[in-house]
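Participant: Okay, here's what each chain looks like letter by letter:
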Amino acid sequence: MSLRLLQNRPRVLEIAYVATLGALGPFRRWLKPGSAMESLFASGERITKGVMFDCQMCGDCVLHSTGMTCPMTCPKNLRNGPCGGVRQNGNCEIIPDMPCVWLMAWERSKKMPAFGDGIQTVLTPVDRRLEGTSAWINDLHPDIKKQPVGWAE
Amino acid sequence: MRSDSRLERVLRAGHFAITAELLSPDSADPQAVVDHASVLGDSCDAINATDASGASVHMSNVAVAALLRQAGYDAVVQMACRDRNRIAMQGDLLGAAALGVQNVLCLTGDGVGTGDHPESKPVFDMDSITLLRTARILRDKGHFLSGRTIDSPPKLFLGGASNPFAPPYDFRPLRLKKKIEAGADFIQTQYCFDVPRLRTFMERVRDMGLDKRVFILVGVGPLRSARAALWMRENVPGVVIPDRLVRRLTDAGKRSQTEGKRICVEIIEEIKEIPGVAGIHMMAYRQEHLVPEILDEVGLLPRPQVGDDMPEPISDPVQTAIS
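Protein sequences appear in the order of chains Y and U. Numbered according to the numbering used here, the first sequence spans residues 1 to 153. Numbered according to the numbering used here, the second sequence spans residues 1 to 323.
So here's chain Y without its partners, still in its complex pose (with noise of 0.2 angstroms):
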């Protein structure tokens, strides 16, 4: 589980994400939602994100404010940061054995100069219908990847 270590890393990895973003946005055109290079690019999110981070395949990847860390991992799915459950020795409230997701989420986070302060900001509720799709698809197409109609203030 080599790659996983990348993890610690999260400049890194915050740089690996802005590239990704631009190498693809001028293929944006051939990169539809539903599309036969959707499933293609789905097959290989789930196994390199997998490797790396866990991936749950939500489809709408919020890495870059979470820390560089899957808050889908986390068995309460939350999306905004550690519940009151998080043991004294760091450990999961319904996982024991497992450190809390969000604990590292934190910790990696102040490592990101660019993304770091995202882990304050309220994210929306996740779009369930967006699961087992291209999370870098739908991220090329704003008009997918929706916030709930009423959510915006």
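Hints in this document: simulated from the structure, not taken from any laboratory. On a predicted model such as this, the values are computed, not experimentally measured, just so you know. There could be a bad hint or two in this list.
[Unchecked claim] Keeping only pairs whose Cα atoms sit at most 27 angstroms apart, straight-line, the calculated DSSO-like set for lysine-lysine is:
1. U:141 x Y:146
2. U:177 x U:272
3. Y:111 x U:177
Based on the hints, put chain U in the right spot on chain Y.
Facilitator: Then chain U, alone, in the frame of chain Y:
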């Protein structure tokens, strides 16, 4: 005024507020709620109706809160994201408001594993913060998350929880800030048995100016015995009890209940002096009868009258709506 609740009026008038948690009955008899409430009612400004606390089944949160309102008490209905999705929760917010409930405490909830139905499906469609924001959208924007208009939006005083005693300690004030930004008007914390830790937390909260933006009620409660303290520490997520207190209870032997009560009184006395604390939230599980005695000892009784605009107790909401 977000609502017209007694709790909100007490806090806005600058009084040190008291809320207390009710043991939701395992019963379909409304009298059980009234009986439990009568022990606490005169000693506090509002009573919390829990939502399947400890992930175990009890009478539903909205029903208990509505019965409390019928009996003339102000109620805080707790809503946890564990058991319901966003469709059900938005409906419950309207339903609770329609039944006269004016305060809501938005929670994520414990995992199902701690309760009496560990085999059930945990929902967690939203988290406490997205639930808070949702409740505020319903109240202030007058529409659902879908954007559909609400004919008569719920007037609610919105609350969130905070646990200053769980790691990561330096993130806890930031999470509190997130809750305020999501819509929290008041905060009820986890049990406080570690006052120095609370002081550090409150210092940071004041530095960030958060105590001016939200009313913070600190959770307190008497421990019955050393055994009960150890059980709580092991089995109730997020409760931290220092060894020093367990030792005091052990040393007290048969008089441990009295000692537990004394510890509680001491903690309240200390909390009262911390700047930025707006009140306390009493959780006296199966020791509710001690609540009035404890509050009397710390000089917080009788509760203040807040204006003469007390809302009439809702005797029968359905009849009231029809007539």
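Participant: Does each hint hold? Answer for all of them.
Facilitator: For each hint, the structure was consulted:
1. U:141 x Y:146: holds, 19 angstroms
2. U:177 x U:272: Holds: residue 177 of chain U and residue 272 of chain U sit about 22 angstroms apart, inside 27 angstroms.
3. Y:111 x U:177: Given pair residue 111 of chain Y, residue 177 of chain U holds - Cα atoms ~21 angstroms apart, limit 27 angstroms.
When held up to the earlier numbered hints, the structure conflicts with none and fits them all.
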